[in-house]
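Asks: In case you want the letters, here they are:
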Amino acid sequence: MVQSEVINVSNLDLTFVTSDGPVHALKNVDLKVNKGEFVSFIGPSGCGKTTLLRVLADLDEPTDGEVTVNGVSPREAREARAYGYVFQAAGLYPWRNVAANVKLPLEIMGYSKEEQLKRVKKVLDLVELTGFEKKYPWQLSGGMQQRASIARALAFDADILFMDEPFGALDEIVRDHLNKQLLELWKSTNKTICFVTHSIPEAVYLSTKIVVMSPRPGRIVDIIDSNLPSDRPLEIRDSKEFIEISQRVREGLRAGHSDD
Amino acid sequence: MRAIVMIKKLWTGSDSKILPVFCIITFIVIIWYGFSIILNAPWEYDKAKRNSITLSKTELVNQTWSQKRPKLPTPHQVAKEMWDTTVNKKITSKRSLIYHGLITFYETIYGFAFGTGLGILLALGIVYNRATAMSVMPWIVTSQTIPILAIAPMIVVALGSAGFSGLMPIVIISMYLSFFPVVVGMVKGLKSPEQLDIDQMKTWSASKSQVLFKLRAPKSTPYLFTSLKLGMAASVVGAIVGELPSGGGGGLGFRMLSGSTFGNTLHIWSGLFSAAILAGSLIAIISIIQRIVLKRMALET
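Residue numbers (this note's numbering), protein chains in the order written: chain Y, 547 to 806; chain H, 18 to 318.
For reference, chain Y alone in the conformation it holds in the complex:
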């Protein structure tokens, strides 16, 4: 099977100019992501994992290096609406109900009225929020808000999904449930997912590829291809393979830290 390359990063460097002087956020980052992969970025805060995601999404500009998304520059990819982005906070509009929030990007992108309705129904069903169309964000729990936010990112035809610690603010039980849902969703939609997290079990459970990063300057210390089967019940976390991969991630994180 020929794997087509969705993301290609080579020699990426990014330095932020701040009032305290320059901050070297990313150094010499090389990365390839193939279509349909689930890639997790893991590392301590300040390792540049969110910044890397923002560069891929054209929300931050690299200082140096080559980045292509779908074979074009991140900017062109963004303008072609090639990706959906889920932020750490759900970012729903309080004056719009769930359905209207999910509809928002569709309105912006000029989908027809019938198409909007059809898609809203479809993605709300996908994240199991059917029946909550008329509810306002403040009437939903944190997990439901984040699910609505994911539905919104899935509503339009983007085959890449960027997720920046989407479940970071949720408790573990809700997080487990959403992780399971996300895996099913990934399998049924065949999207390429880039997922930022600082939880080792979450990264190992979800990913086909784990990118371990370390701070000051932000760089990649290890890239681990997961050999876990694609069918992953939550219990897989007690298996030998799972624990081995977790250990390798932990070692990568520790190695990155011993530098400072």
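Taking lysine to any residue and the SDA-like style, the derived pairs with C-alpha atoms no more than 25 Å apart in a straight line are: (1) Y:K659 with H:K219; (2) H:K312 with Y:G677; (3) Y:K755 with Y:T614; (4) H:K107 with H:G276.
Keep in mind the hints are simulated off the structure, nothing from the lab.
Since chain Y is already given, all that's left is putting chain H on it; use the hints.
Replies: Only chain H this time, still in chain Y's reference frame:
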């Protein structure tokens, strides 16, 4: 029975404002009657002295509370004056408070409308264009440091010599005061979306106008209503101040000025209360619209 319970609740309920407001009003009225005696007494003493009689306490109080041209009229005198000049006069009469009130009302509404429009336009310019923000903002602030009483006559004279008289100069003075809170509030409101909201719009590659109409405008609605209430109060003040140098046109400001010129305190006080009622009702109308709109938008529960 239920009605009685409701009234009782309105009166003593912990969230009811009626009791505290009633207390304050009672307090003010008592002080007012007191000052009516103190301020109007010298005239009564003089009169008594001229006629060589001594006044008893009751006579003093009765007379100070019922002078034809008191220094400080009592609340009931003001109320009677207002009744006489509204209900008992034709609207077209120059002695009617409604006649003068309507003039001030139109000046206020036009000044408010233009001021709000100007304020929103300036706010958009400031938010979307750095050059506008840098060049216009200092002038906007400066404009409000100049005492309106000082430039109102200049505006009237300048516009008058350019051939504009009547309502127009007053509307402009009213606008001059009311645009400011709208600019300040709307700049804040239009800038209220967080970086996350803006980034999110960017990931959908939304156009500038889409960001304005789908994000900035709805998010600034609560700010708009706060600004409108301040702007409305400023419009009323502007209209009244604008009437003073205009002369002859009528309006509550003109009524108060002529009262002051001829020493008719009843005209001043009744004009003052009419202006307060006018401003209060206009602001109350905005508050009601605010409630309805924000509730519809689910921004208020």
